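Trainee: Chains as they are written, first to last, in our numbering: chain Y, 32 to 281; chain F, 1151 to 1459.
If you are wondering where the hints come from, they were derived from the structure by calculation, not from laboratory data.
Fair warning: this is a prediction, and the values are worked out from it, not measured in the lab.
Just so you know, not all the hints are guaranteed correct.
Said to hold, decoys possible - Calculated pairs, BS3-like style, for lysine-lysine (alpha carbon to alpha carbon, straight line, at most 27 Å):
1) Lys227(Y) x Lys275(Y)
2) Lys263(Y) x Lys1344(F)
3) Lys1344(F) x Lys134(Y)
Said to hold, decoys possible - Here are the in silico distance ranges between beta carbons for each label pair:
4) Ser1335(F) x Gly278(Y): 19 to 29 Å
5) Ser1335(F) x Ala97(Y): 48 to 58 Å
6) Gly278(Y) x Asp1382(F): 26 to 36 Å
7) Glu100(Y) x Gly1318(F): 39 to 49 Å
8) Lys1191(F) x Asn222(Y): 50 to 60 Å
9) Ser1356(F) x Val46(Y): 44 to 54 Å
10) Lys83(Y) x Ser1335(F): 30 to 40 Å
11) Gly1323(F) x Glu139(Y): 52 to 62 Å
12) Lys263(Y) x Asp1368(F): 18 to 28 Å
13) Lys63(Y) x Asp1431(F): 38 to 48 Å
14) Glu1357(F) x Gly278(Y): 26 to 36 Å
Unchecked claim - According to the in silico footprint, chain Y covers these stretches of chain F (three or more CB under 8 Å from chain Y):
15) 1200-1210
16) 1412-1420
By construction, the Cβ of each residue, glycine as well, lies at the ideal position given by its N, Cα and C atoms.
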Amino acid sequence: MKVLVPVKRVLDYNVKPRVKADGTGVDLANVKMSMNPFDEIAIEEAVRLKEKGAATEVVVVTIGVAKAESDVLLTARAMGADRAILIATDDEVEPLGVAKLLKAVCDEEAPGLVILGKQAIDDDSNQTGQMLAALLGWPQGTFASKVEVSGDRVVVTREVDGGLETVDLKAPAIVTTDLRLNEPRYATLPNIMKAKSKPLAKKTPADYAVDIAPRLATLKVVEPAKRTAGVKVADVDELVGKLKALGVAK
Amino acid sequence: MKTLVWVEHDNAAVKDATLAVVTAASQLGEVHLLVAGSGCKAVADQAAKIEGVGKVHLADDASLSHALAENVAPLIVGLMADHDAVLFPATSNGKNIAPRVAALLDVMQISDILSVEGADTFTRPIYAGNAIATVRTSDKKLVITVRGTAFAKAATSGGSGTVEAVSGAADAGVSKFVSAEIAKSERPELTSAKVIVSGGRALQNSENFHSLIEPLADKLGAAVGASRAAVDAGYVPNDYQVGQTGKIVAPEVYIAIGISGAIQHLAGMKDSKTIIAINKDEDAPIFQVADIGLVGDLFKVVPELTGKL
Ligand SMILES: Cc1cc2nc3c(=O)[nH]c(=O)nc-3n(C[C@H](O)[C@H](O)[C@H](O)COP(=O)(O)OP(=O)(O)OC[C@H]3O[C@@H](n4cnc5c(N)ncnc54)[C@H](O)[C@@H]3O)c2cc1C
Ligand SMILES: Nc1ncnc2c1ncn2[C@@H]1O[C@H](COP(=O)(O)O)[C@@H](O)[C@H]1O
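I would like the entire structure built from these sequences, with the hints used as guidance.
Mentor: What follows is the structure, encoded as structure tokens:
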């Protein structure tokens, strides 16, 4: 089966986000951008399925700025994806719009499995995979910590609030990744060089004729209330005293 | 505005997470509930007593027993003909189902709201809570998930809702529940505990985690949490993880032991009332948010602390 992996280019997880002084958003000028960490896990899983013979082809797709071609989409192919699709736009596309574009890509590509990240670490929406599943009428295995594919069955172990849950899905299906699904491999320099010759299709949202007009207007973005460092206690006795004062110890 | 709250439950009792959602919904308008499950009449009766609740829609069907999104979402879409907004707790179940409903309604979901600013305007955290966005929706119907720590819990008594059966539940036939491994614990639940003791990578292994963190938690009647590093290394199960991509907690007292204070961890606990940190590195970032800090080796300090309590 073909596996489609949607990836998003986001502020690198090691960079501390800075709110712009004018309150319009987070400053993304001259900061390191990377692939969303959950999407690296998604690619790794897809590539492993291919290495095991359960997948035939791994296609990655991103919706975002043209620059993604030379960073995240290159990384994705260096990790083992066979080809990439760039749907280039400078506008921010909301999860609903992303899901609609991805549905159009699925209609063309007919994958047996789509593996997405559970959450983009910039908008923290945690929506796109579930929305895509709804638009396609496919089953969903969200927050996956284990994925097993056999024939048209996809068995997904999910990280849920109380522990783990296992569901059995009928392919074609949607999976979203949690942190412990796998440890993504690095894109090595030789593989990055080789990846440059792997196919890349360039598209724009207009090619898909879907409505991606935003529904949400961001009125303002502010920093959260700051916590300030408190006191240091010298020893355990002093800490015990503090716990008593807080009423949590007798 | 008529709102619908999806009730989180285990077919026996209403889960606490629902109560904060009821409070958020009541700030928008009239509150109706949906109890969807299998053999869950008792849950509906219990839910009807929640303060401020009007109608309780009860959908009782074998296909709804495990809250599979494929089966629950169409049912909610049907009920949305008569409601203006649907709200879910931002729990793993809520986050699984809500976007599926939103897409079927052609609505952009508003995730993890922190406050209701108006009938169409909400605040929500982005970038692991390093920024708070105020967003206004132009959608006609609202689909919302609610951060439990941001709203007071509605009282579980005083309500006089009426229970009404809903039909139309069906098995979409594309997914099946296989099994669940749900940890049973005598301890308070992480998301509702007054005190939390959390351990990090510094515990080194599962034995140390259990022999050092748990006795302290027992002394304080606390829930036990962990950093991602501790979970990844297998010291404790996944549902202990506190953070951007784990549980969001805001207890009276949060004690972080051998946790460095990465932004992804802080995202899950920095709204705790009092933060206490024990770390051997006096420059650890956790001390920048801690109200009370103790610089020391946890292997020495924690047993001493447990002994003196
Ligand atoms: C996409 C993404 C999502 C993430 N989500 C989460 C999340 O939800 N929750 C989360 O926690 N993390 C999350 N992380 C991981 C996060 O970035 C950190 O890696 C993690 O929180 C570190 O865990 P730690 O503090 O236990 O370990 P470390 O950073 O290794 O810190 C260990 C600390 O213990 C101290 N120490 C060592 N020995 C002792 C001793 N003997 N006595 C006292 N102190 C000692 C050290 O000084 C150090 O400060 C996420 C990361 C990514 C990329
Ligand atoms: N612009 C985008 N392009 C491609 N994939 C995306 C995009 N936005 C989100 N996704 C996918 O959807 C997942 C969840 O994102 P979100 O719903 O925004 O939290 C991400 O981990 C990606 O796999």
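Trainee: All hints are to be evaluated individually against the structure, with a verdict given for each.
Mentor: A quick look at each hint next to the structure:
1. Lys227(Y) x Lys275(Y): violated, 63 Å
2. Lys263(Y) x Lys1344(F): holds, 23 Å
3. Lys1344(F) x Lys134(Y): violated, 44 Å
4. Ser1335(F) x Gly278(Y): 19 to 29 Å: holds, 24 Å
5. Ser1335(F) x Ala97(Y): 48 to 58 Å: With Cβ atoms ~50 Å apart, the hint holds.
6. Gly278(Y) x Asp1382(F): 26 to 36 Å: holds, 34 Å
7. Glu100(Y) x Gly1318(F): 39 to 49 Å: holds, 47 Å
8. Lys1191(F) x Asn222(Y): 50 to 60 Å: Cβ of Lys1191(F) to Cβ of Asn222(Y): about 58 Å, so the range 50 to 60 Å holds.
9. Ser1356(F) x Val46(Y): 44 to 54 Å: violated, 33 Å
10. Lys83(Y) x Ser1335(F): 30 to 40 Å: holds, 36 Å
11. Gly1323(F) x Glu139(Y): 52 to 62 Å: violated, 26 Å
12. Lys263(Y) x Asp1368(F): 18 to 28 Å: holds, 26 Å
13. Lys63(Y) x Asp1431(F): 38 to 48 Å: violated, 25 Å
14. Glu1357(F) x Gly278(Y): 26 to 36 Å: holds, 32 Å
15. 1200-1210: Result for this restraint: violated, n = 0.
16. 1412-1420: holds (count 3)
Checked against the numbered hints given earlier, this structure breaks hints 1, 3, 9, 11, 13 and 15; the rest are met.
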